[in-house]
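All chains should be modelled from the sequences, with the hints used to inform the complete structure.
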Amino acid sequence: MTAQHSVTLNVNGTAHDCEVEARMTLADCLREKLDLTGTHLGCEHGVCGACTVIVDGAAVRSCLMFAVQAQGVQITTVEGLADGDTLSDLQQAFHDNFALQCGFCTPGFLTTAESVLAENPSPTRAEVQSAISGNICRCTGYVPIIDAILDTAKRRREGGQ
Amino acid sequence: MSASTPYIGRSVKRLEDRRFLTGTGRYIDDIKLPDMAVMAIYRSPHAHARINAIDLTAAKAVPGVIDAFCAADIDMDLPEIPLRLAPFDGFERFLQRPIADDKVRYVGEPVAVVIASDRYIAEDALDLIEVDFAPLPAVTQVDQAAAGDTLVHEDAGENMATRYTVGRGDADDAFRRAAYTRRERFTTNRHGAVPMETRGLIAEFNPDTPLLRLHGATKVNFFNRRHLAAAFDLPEAAVELIETDVGGGFGARGELYPEDYLVPIASRRIGRPVKWIEDRRENLTATNHSRDIVCDLEIATTDEGRILGMRATVQGDMGAYIRTNGGVVASKAAQFLPGPYRVPAFSCDVQFLVTNKTPVGTFRGPGRFEANFCRERMLDMVAADLNIDPAELRLRNLMEPADLPYRIGELVPGDVNATFDRGNYPSALNQLLDEVGYADWKDRQGTIIDGRAYGLGIACFIESSAAGPPETARITVAADGAIEIRTGASSVGQGTETGMAQICADYLSVDIDRIGVLHGSTTLVPTGGGTFHSRNTVMAGNAVRMAAETLQARSIELAALRWNTDASGLEYRDGAVHQNDAAASVLSLVELAAFAQSRGTDEALAADAAFDNEGKLSYSYGAHAALVAIDVATGVVEVEKYVLTEEIGRALNPAMVQGQAIGGLVQGLGGTFLDHMVYDEDGQLLTGSFADYLLPTSTDLPDITAIALEESPSEFNPMGFKGAGEGGIVAVAAAVGNAVTHALNAHNIQINDLPITPDRLRAALRAVGA
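Chains as they are written, first to last, in our numbering: chain A, 81 to 241; chain B, 3 to 772.
Hint data in this document are derived by calculation from the structure and do not stem from the laboratory.
Each hint should be verified, as a subset may be incorrect.
Said to hold, decoys possible - Quick list of the computed label-pair ranges, beta carbon to beta carbon:
no. : chain 1 : residue 1 : chain 2 : residue 2 : range
1   : A       : Asp97     : B       : Ser600    : 48 to 58 Å
2   : A       : Thr82     : B       : Met38     : 17 to 27 Å
3   : B       : Thr636    : A       : Thr204    : 39 to 49 Å
4   : A       : Gly126    : B       : Asn208    : 34 to 44 Å
5   : B       : Ala136    : A       : Thr204    : 58 to 68 Å
Virtual Cβ for every residue (Gly too), placed ideally from N, Cα, C.
Below you can see the structure in the form of structure tokens.
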């Protein structure tokens, strides 16, 4: 009903040309236009963090960003974290630590954690708690999520990454 | 039983995780069907109003809008949403129909529906719907409802949906004989399950086939199918409820709601699949709320603090309609008020009051969270009044193993056989006291360090699990060796697939990697009971066990045919049938499955089972302890340490049990400090977004120790399981309330109302000059 705009989204290393209304959120574009449904919507007002994606290295709520604003940026979604069939070390740590139950918030925690660890490879427990305090999980009570992120940081340091 | 159990009792990694970790789960909004439209719902902005007129003209004119409708446009008798649980007499006057007709009774009640090509257009059109409302005064408090000056349902003639008295012994006599009595009013805050995934449905309705397929169902699919079939005048076989991945349930999701009817109606109107996804604002007004109990509690004891009796009035704020969960919340609050203690005389007046608020349903530990808060707060007051240590007071009153099993009496109308099964309640409390170092704390209550007051509170609980109809399972071995479990139980994210696979793997002595689990959908098995009341591991788990045992027997029968021998000489072990002959012949499950297949399509290597515990519930029990530090200047409470013990009979997967306990506990901290559906006097919800409705986050965590006890296996199922889903949450407000009171004992501040917020605490402290 309103004008369409052309935008090229670079998502997980692949460029996608989309025609979108100016008002279409990045989250809706990823889910509806690109079928990348791993990015979940829990509140659509920027509080719950489920829709977090990585935009040029930073954790961004894709419900608060328009698709047309994403022209020229590099976006990583949860679908871009594993290497083929091999889970990333962070995904594996979530699995090993029972850091998910229903899994709905998990993509947002993974993307948030990746951006946190990129910025601060040696976070303290309190720093991890603070860094993920904008993501809501209703199942786990957060404890295993914090453990998984700290485990990953430790493994990466020991692995020389 | 298998010779060994490499899976049951081990923290087996979850089978579900990979798809969730890689973003390839299939939640309801991830499903797209060809030619699918979406719908959005115009909801009442008023708590109580007459509808004079609805004008959909402008909405229908929006390009991309396919249809719009309101109650007057629906060419069928609008069904009443049925009562599934606790269907007390009187409730039938307060049932909800899927869409408001002449009157709205809560903010969020459906009034009209728009169907469009996409959600942006549907929501544009919602803005163009014009409804002429005549607002009425709103009933927002139970006292106001009881007064009855404004009626939410005029035809009922009252706002009291039902009222009854239950009890055991002679409570009045107990109070006459008592050396000590006390009376207090407690309130528990209205809040809810608030799962991270909002509700959603996709309906495919073809009246010609006929077929109604509803995707996004969960929890109690066979019950829901029966009622949807009746509502749409279809044979049950023509209704399919399909379960997708589910982003959390906690009681609220999967009950029948107005949308379970409106989405099929929309699909039937336009002859296309229709999707509806609830947004978060809708979720906070449209999905069941819970708790919201006012309890006037009296206790009578000897001068040594031995309980002689309790009397109570429990008033449940039901919201505007009685939905599927009926009277569960208030009735369970009443039933669990005496708790795990010897309370020889008890009497409770239970009232269910209708108000102009969102209807109430169950949320994890319904009634238990509330009852424990009231009783355990009261016990600490008794302890203080009689100068008895709170732990000692509890140990004096807890039922001993010799008291069990104990018939608790008909504390819910019709529930005449309720019986606490065997257990050792003092053991669970004593282990808690040891773990938390209680002896060291007795003299430190109220200690102030750097402006913060410290207190330790304890609370005991008992909690039922695994009620309801039988559960089903079917195990099939494919000729390629893959083993498939199908069950009528649902998964709402708690790890059901893993748990069922663990049991199957042990009872068939096979590698768990061969096992896949399909659950919930009505297309999988002929019937099923569903997932509620902490019942999956007990009910579905035992159905899987029985199916595996039957499959072993079936394997032996097939092997006897294959070898043309007598079955008595054959033995099932290590995933194969063994013949104890000279050749030590072996037929594996794979070979037997191929053999069965070769004999014809009806001869699959499969087995069905249903497990029925015949209403014999197992009771989990335990104790909680919270250590709090309160900033007296700001009223901010920090829970520094939290310990809980929970007797669960036997842990199927200790890591998953731990996850249930910690997850429940943190939800409980939310219900104690944060979660609050606040209504103003006009019945407007003031906490309609996540900016206002607060949930626990990762910075709110205490140091947590959750201890699962396995000292008292259930006698009602061979694997000994009890429910493990609610013990983490049910006593949190109780323990924290006691801890806060102890921390502020210098100021004699009593916590009788939830949530405990800094402004409330500061107001209380200011009132005493602190």
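We went through each hint and held it up to the structure:
{"no.": "1", "hint": "A:Asp97 x B:Ser600: 48 to 58 Å", "in the structure": "53 Å, holds"}
{"no.": "2", "hint": "A:Thr82 x B:Met38: 17 to 27 Å", "in the structure": "22 Å, holds"}
{"no.": "3", "hint": "B:Thr636 x A:Thr204: 39 to 49 Å", "in the structure": "25 Å, violated"}
{"no.": "4", "hint": "A:Gly126 x B:Asn208: 34 to 44 Å", "in the structure": "40 Å, holds"}
{"no.": "5", "hint": "B:Ala136 x A:Thr204: 58 to 68 Å", "in the structure": "59 Å, holds"}
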